[in-house]
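*Asks:* For the record, the sequence lines run as chains H and A. 406 is the number of the first residue of the first sequence in our numbering; add one for each residue after it. 461 is the number of the first residue of the second sequence in our numbering; add one for each residue after it.
Treat the hints with care, since some could be wrong.
Partial chain H-side listing against chain A, Cβ under 8 Å, derived [said to hold, decoys possible]:
1. 495
2. 502
3. 508
4. 510
5. 512
6. 517
If you are wondering where the hints come from, they were derived from the structure by calculation, not from laboratory data. All of these numbers come straight from a predicted model, not from anything done at the bench. Glycine included, C-beta positions come from ideal geometry on N, C-alpha and C.
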Amino acid sequence: ETGVTQTPRHLVMGMTNKKSLKCEQHLGHNAMYWYKQSAKKPLELMFVYNFKEQTENNSVPSRFSPECPNSSHLFLHLHTLQPEDSALYLCASSLGPSAHNQDTQYFGPGTRLTVL
Amino acid sequence: DQQVKQNSPSLSVQEGRISILNCDYTNSMFDYFLWYKKYPAEGPTFLISISSIKDKNEDGRFTVFLNKSAKHLSLHIVPSQPGDSAVYFCAASGAAGNKLTFGGGTRVLVKP
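In isolation and in its complexed conformation, chain A is listed as follows (with noise of 0.2 Å):
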């Protein structure tokens, strides 16, 4: 049973606009959410995260979205460029510790 989803596959969105990405979850209990981004043969690198006391975080070009109440979390990449193509991967903790349950990921291309 997957408790983390990512129901895109993949997302094809045109340079300098935005890149939606949806996560949900089914555990009440995961309090704290991250994305991670992944280029091909490397490791995931830290995007950004949010606690479950809030409801919005942004970084830069990058916000993340928590709903609660849905159990839905989203990231926005606005403008994206061609440098952001690659996989992303939510993640959520706080069911069992510092364990990570990962999301199957959503491959975004930013076309020039």
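Excised from the complex, chain H in its bound form (with noise of 0.2 Å):
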């Protein structure tokens, strides 16, 4: 496997349900990004971790739970969600800060997340 990965690639969940998102990097990359895109909206930010740490939580409701056990791979817990949680979940990794402000994100294929 190359470049940014992520699991499942489709995924519909009951709002009482317990699910994990999984992401894998193979590019040697320091920083890993969740992001979230709902239909005719921009991408938004949801977290940064860089050198595994949470370095950024864009106001993101606790029942999306983050986890970054190394710097190859990101998960994101889901629990409780809402219909309105429906979108595209986006995965993306990059050097990080030692990239001297010309960092550049690499991303997976998504998941496509339905919530029932």
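Each chain sits in its own coordinate frame; assemble them with the hints.
*Replies:* Written out as structure tokens, the structure reads:
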């Protein structure tokens, strides 16, 4: 596998379910990101991790819980979501702060989440 | 307040002609700009970037121009091909670490 991979690609869950999204990067990067893309809206940054430490939480509700066990893996744990949380969830990775302000993010294919 | 704006939601162009996509930003702290291409149900794919110390960067059919005084950048695709039909996002960073701020996207349709 190369680049940034995400599983599952599609997920349907009820409001009382608990599920997790997984992201893995094979680029040797130090930063990982979660984004949300809802219909007809710009990409919204959710979380940023640099060297496994969370450096940004963009006012995301606590029903979304990220986990970054190492620089190559990122999870998004989902719990008691709402139908309006249905969206495409994208993971990205980049070199991070060591890129000296020319940091390019590379995206995974996304997980299409539907909350019933 | 949207700091990065793409004012044209869509663009239609004939195959072989030039596609010009525009992007405006408001934050003068941005110093690195990127363009991404996105097909439906896929993640954005990085296309080309430009640092604020340059005013032009070229990569094959893709050229990005930066006008810092106008806080404006553009992406030129020439010649346009049917496979270029996608949504294009501009993004900017530099105002806050390695965060990217995205525009709303421009849908490009290249007609054969």
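*Asks:* If a hint holds in the structure, say so; if it doesn't, say that too.
*Replies:* Results of checking the hints against the structure:
no. : hint : verdict
1   : 495  : holds (5 Å)
2   : 502  : holds (6 Å)
3   : 508  : holds (4 Å)
4   : 510  : holds (6 Å)
5   : 512  : holds (4 Å)
6   : 517  : holds (7 Å)
When each numbered hint is compared with the structure, no violation occurs for any of them.
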